[in-house]
Amino acid sequence: MIEFKQHTLANGLRVLANHDDCSGMAAVNILYAVGSADESPTRTGFAHLSEHLMFRGTEAVPSYDTPVQEVCGENNAFTSADYTDFYVTMPKENFETDLWLEADRMRGLNIDADTLEVEKSVVIEEFRQRYLNRPYGEQWHTLRDMVYTTSPYRWPVIGLTPDHIREASLEEVKSFYDRFYVPSGAILSVSANIEPERVFEAAERYFGHLPALPTPVRGNVEQSPLAAPVRKVIESAVPADQITIGFLMEGRKERGYYLCDLLTDLLAGGESARLFQHLVKQKQIFSATNAYITGEVGNGMLILTGQLCSGVTIEQAEEALYEELRLLAEEPIGDYELQKVKNKFEANITFGELNVMNKAMNLGYYAMLGDMALLNGEVEIYRSISAEEIASYVRTKLTPERSATLIYRKTK
Amino acid sequence: MRVPHTTLHTCANGTRLYTMHNSKQGVIRVSFIFRAGTSWQSVPFSASATINTLSEGTERFSALEIAERLDFVGSYFDANIDRDWAVLTYCSLSKFATETFEIAEQVVLHPTFPEKEIEVYCAKRKEQLIVQRSKPDHLSRELFGKSLFGAEHPYGITSPAEAYDSLCRGDVEEFYRTHYTAENCFAVLCGDITDEHIARTMAILEQLPHGTTLERTIPAPAPQHFATLNVEGAVQSCLKIGTPLFPRTHPDFIPMQMVATAMGGYFGSRLMQNLRERHGYTYGAYSAMINLDQSGYFVMSADVASDYTEAAIEEMIHEVERFCSKPMDERELQMVKNIIFGDVMRIFDGPFGVADVTIENIQNGTDNGYTERLLHQVATAQASHLQEVASKWLIPSNLTTTIVG
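Sequence lines, in order, name chains A and B.
The first sequence begins at 25 in the working numbering and counts up one residue at a time.
The second sequence begins at 3 in the working numbering and counts up one residue at a time.
Simulated from the structure, these hints should not be mistaken for laboratory data.
Check before you lean on any hint, since a few could be wrong.
[Claimed, not checked] Chain A regions said to be covered by chain B (calculated; three or more residues, Cβ under 8 Å):
id, region
1, 43-57
2, 139-145
3, 199-205
[Claimed, not checked] If you want the footprint, here are the derived chain B segments under chain A, 3+ residues with CB under 8 Å:
id, region
4, 19-29
5, 148-159
[As the list claims (entries may be wrong)] Here are the simulated SDA-like cross-link-like pairs (lysine to any residue), alpha carbons at most 25 Å apart as the crow flies:
id, chain 1, residue 1, chain 2, residue 2
6, B, 97, A, 373
7, A, 307, B, 133
8, B, 26, A, 198
9, A, 307, B, 26
10, B, 118, A, 336
11, A, 116, B, 339
12, A, 116, B, 375
13, B, 137, A, 431
14, A, 305, B, 170
15, A, 198, B, 279
16, B, 97, A, 198
17, A, 434, B, 126
18, A, 366, B, 71
19, B, 97, A, 337
20, B, 137, A, 164
21, A, 434, B, 162
22, A, 434, B, 139
23, A, 307, B, 339
24, B, 118, A, 431
Quantities reported herein were computed from a predicted structural model and do not represent experimental measurements.
Note that CB positions come from ideal geometry on N, CA and C, so glycine has one too.
If we strip away everything but chain A, and leave its shape as in the complex, we get (with noise of 0.2 Å):
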C-alpha cells in the first residue's frame, strides 16, 4: 500500500508526494509523457534521444551529473514507448539539488551542434550493442513490425534504423524537445522520509515559475488485430533455433491486461509454472522458455517464446506451446493454481514497495496512466479473476489464426 498525496501547480505540472518513514534516503522521479509512439515514422529514435540529450547540459548547469553526484546522488532514465522517465536517489537532506536541476533541464536544455553529433553516436553505438552486435538482436524490430501495420508501436524504442538519428537534425530535435518537455507533460513524484506539503511547497519554489505551455499530443498508439496470421523465419548464424509467438492484447487499463498477465504467470511465473515443466524439465523440447507481456498503455503484445533444445524441430516446439495453451483452454486451473499466482502478485507488490525509487516511480506512472486508484487497487482485479474466465480469454483469442510467429534457424 503506497500512501500519496498531490497537488497540480498553476502551469500543469503534476506533483505527488508518498512519506516514507524508513529510509534515509529521498527519490525523485520525474516522468515525460512522451515515448518511441510519439514520432513520426520517418524519424524514428527521438524519445530515446531526447532523453540522452536532456544530460548534456544547459546554460546554468553545463552538466546535469555532476551537481547530482557532487550530493551523493545515483541517477538515471529510460525511454519506453509511452513514457520517458528520470530517476534519482539521493540522502533525503539534498533532495531539493535535483528539483532545482529537473526545472532547469525541463526548459532550458543547450543543445548544439558538436553535442548533437556526440550523442548520435553514443546513441547508435548503443543501437550497435543491443540490437546488432548480438544473436537475435533484430528480433523486436521483426515482430512488432509483423503485430503492428498503422500502431507506432512498429518500431523498438532505439528506433526503426540508425539512419533516423544519424539523418537527425538540430531544428527536429529541438522542436521535438520543446514540444514534450512541458511541465504540463511532466509528473513529478518524491518518495522520502520528508513531509508531503514540504514535497509541494519545494515544487512550487522550482518549478512554479516555468510557464504554462500546451499540453503535448499523444499519438494514436490503437492497434487492430491482424486479419489473418503471420509468419517469418530467418536463417542466421544463432546458437540455437528460437520460436516465438506474439498476440496483440488488450491496452493496460482494460481487463483482458489483467487476465493476460495473470495467464503469462501461470506460464512463466516462477519454478514451478508451466511451461518450465512441461516443456524444459519434462518434455526436454525448450532449454529455456519464456511467456510475458510487452506491457505498453495501449495495445501491448502477449509473447510466448523459447529456444530449442538440439534435435527437436520447429514443428513439435510449435506444437509443444499451442498444446499449453489448449490445457488453459479446455481444463480450468484448479482453485490452487489460481491462488498460487494470486498470492505470487500480493508478495510482489510487497516486495516492489521496499525501497523509494520503486514507490516514487509508481507514482509516476499511475499518474500517468491517469487512474490513482489503480496504484493500490490491482491486487483486488487480480483477486476477481476467475478460472472460467481465463479459459474463456484464452479459447477465443490466443488461436493460431491471431499470431504473429517469427522463427530463427540456425545456419548449419
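Using the hints, position chain B against chain A.
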C-alpha cells in the same frame, strides 16, 4: 554515516549466524553462504551444478513440490555462485516464514540430487552455455579471466561445454559432501525478524555435519599481455584492459577502489568523459576493482565501434598514464568520495542490502566495522596518495588487453 551492526549467534557445531532486525515491512531474508565457489572444484561445472540442483529434490520433497511450495507463498529463492563462494538466499513475507524455513531446511541439509534431474540440468546448461558463448560480452569476460590469470588457473579457467556430458550425479554428491559442511558455512538473517526466526535458522545450521577444514593454495597469476578473439559478423569490439592485483584485505585495495571509481565508476568518470562524451566511441565505459578470496584485479571495459578499436585502446591507456602523472584536483577527489558514500548509503536503503554488505565482510574475514573503516579511509584520502598507489600498480607495459569482436 552509521553502518548497521549485526548480532552474532554461534551454533553448537560452530556455525555462525549473523542477524539484524531492521524492518517493519513484514519481510525477511535468510542467506546460507558456503565456501564452495567454482575455484574449489576439481571436476568442471561440479560446483555450480551442486548449488543449482540442491532444490531439484530432497528427502521429503520433489523438485516440483519445492518450486510449488515456494511459489504458493510468493517466496523467492536465489542460488548464486562466484569463483570463491556459493550463496543460497530465501526472501519471504514474514507471515510465510514457517513454510519457507521448511523448504530451506530440506534444501540445505537433505538434497538427494536425483539422477534424472541432474541429467536434465546438464543438458539444459550445456545448451545455455553454447548460447552464452555466441555473445561477444560473455566471450570477452572469459577471455579476460583466462588472459589475466592463466588458462589453467582456478580464477581463469573455463571448460568446454562438452564437459557437461561427463558430469554425473557422483561428482555433485561428492562436492556437496565435502563442501557443504559446518566448517564451511555461515548464515545471515535480516528483515522483520523474530526470536523464532533466529531459532529456526540456528536449528538448520546445527544439523550441518562436520567436515574437514578445506585448505588450498591459489597459484600466482600468470598474465598474458594481449589476446584477441575474432567473432564473425561483430560490429563492435569488447575491450578489457587490466591487471591482477590483490584481495580486499590488502592496504592498497581501498585506494585502488577509489582510483577505479575515478577512472570509470560513475557517469562523469574519466573513461566515460573521454570515450563516450568526447569521442562517441561507446555507449558506456567502466572500471572497477574486483575482490577475490586470494587475489583481485583492476579492470577497464568498453564495447566500442569496430573502426575505433585501436583509438579506444590508446585513449584508455592514455587515461591510465594521465592518472599516474598528475594528482586529481580537489573537486574530482570530492566527487569520487561522494560517489562511494552514495553507493554505500544506497545499499542500506531497504531491509535486505545490509545482508549483502555483511556477507562480503564476513567472507573477507572482517565484520561491518570494515565498512565504517572504509568510509573513514575514503573520507580522509589524499589525491597525492591515490596517484602514488596508481603509479605503483598500474604500469601500462604490464597491463593485459583483450579484444573480442
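Hints versus structure:
Chain B is given as covering the region 43-57 of chain A, and this holds because 4 residues of the stretch bring a CB closer than 8 Å to a CB of that chain, at least three being needed. Residue count for the region 139-145 of chain A with a Cβ under 8 Å from a Cβ of chain B: 5. That meets the three needed, and the coverage hint holds. By the rule of at least three residues with a Cβ nearer than 8 Å to a Cβ of chain B, the coverage given for the region 199-205 of chain A is violated, with 0 such residues. Only when three residues or more bring their CB closer than 8 Å to a CB of chain A does the claim for the region 19-29 of chain B stand; here the count is 5, and the claim holds.
A stretch counts as covered by a chain when three or more of its residues have a beta carbon under 8 Å from one of that chain; for the region 148-159 of chain B and chain A the count is 0, and the coverage is violated. Restraint check: the Cα-Cα separation between residue 97 (chain B) and residue 373 (chain A) comes to about 15 Å, which is no more than 25 Å; the hinted pair holds. The straight-line distance between the Cα atoms of residue 307 (chain A) and residue 133 (chain B) is roughly 20 Å, inside the 25 Å bound, and the hint therefore holds. Restraint check for residue 26 (chain B) and residue 198 (chain A): not satisfied, since their Cα atoms lie roughly 48 Å apart, outside the 25 Å limit.
Among the hinted pairs, residue 307 (chain A) with residue 26 (chain B) is inconsistent with the structure: their alpha-carbon atoms are about 44 Å apart, more than 25 Å. For the hint pairing residue 118 (chain B) with residue 336 (chain A), the CA-to-CA distance comes to about 19 Å; that is within 25 Å, so the pair holds. Among the hinted pairs, residue 116 (chain A) with residue 339 (chain B) is consistent with the structure: their alpha-carbon atoms are about 18 Å apart, no more than 25 Å. Between residue 116 (chain A) and residue 375 (chain B) the alpha-carbon distance is near 24 Å, which keeps this suggested pair within the 25 Å criterion.
A distance of roughly 19 Å separates the Cα atoms of residue 137 (chain B) and residue 431 (chain A); the hinted pair therefore holds under the 25 Å criterion. Annotation: proposed proximity of residue 305 (chain A) to residue 170 (chain B) holds, straight-line Cα distance about 18 Å (limit 25 Å). In summary, the hint linking residue 198 (chain A) to residue 279 (chain B) is supported, as the alpha carbons are separated by about 20 Å, within the 25 Å threshold. A threshold of 25 Å between alpha carbons decides the hint, and for residue 97 (chain B) with residue 198 (chain A) the separation of about 53 Å lies outside it, so the pair is violated.
Distance restraint check for residue 434 (chain A) and residue 126 (chain B): the Cα-Cα separation of roughly 18 Å lies within the 25 Å cut-off, and the hinted pair is therefore satisfied. Distance restraint check for residue 366 (chain A) and residue 71 (chain B): the Cα-Cα separation of roughly 14 Å lies within the 25 Å cut-off, and the hinted pair is therefore satisfied. About 46 Å separates the Cα atoms of residue 97 (chain B) and residue 337 (chain A), which puts this hinted pair outside 25 Å; it is violated. Restraint check: the Cα-Cα separation between residue 137 (chain B) and residue 164 (chain A) comes to about 18 Å, which is no more than 25 Å; the hinted pair holds.
With a CA separation close to 21 Å, the supplied pair residue 434 (chain A) and residue 162 (chain B) stays within the 25 Å bound. This hinted pair checks out: residue 434 (chain A) and residue 139 (chain B) have alpha carbons roughly 20 Å apart, not beyond 25 Å. The hinted pair formed by residue 307 (chain A) and residue 339 (chain B) fails the criterion: a straight-line CA distance of about 54 Å is larger than 25 Å. Restraint check: the Cα-Cα separation between residue 118 (chain B) and residue 431 (chain A) comes to about 30 Å, which exceeds 25 Å; the hinted pair is violated.
Checked against the numbered hints given earlier, the structure breaks hints 3, 5, 8, 9, 16, 19, 23, 24 and satisfies all the rest.
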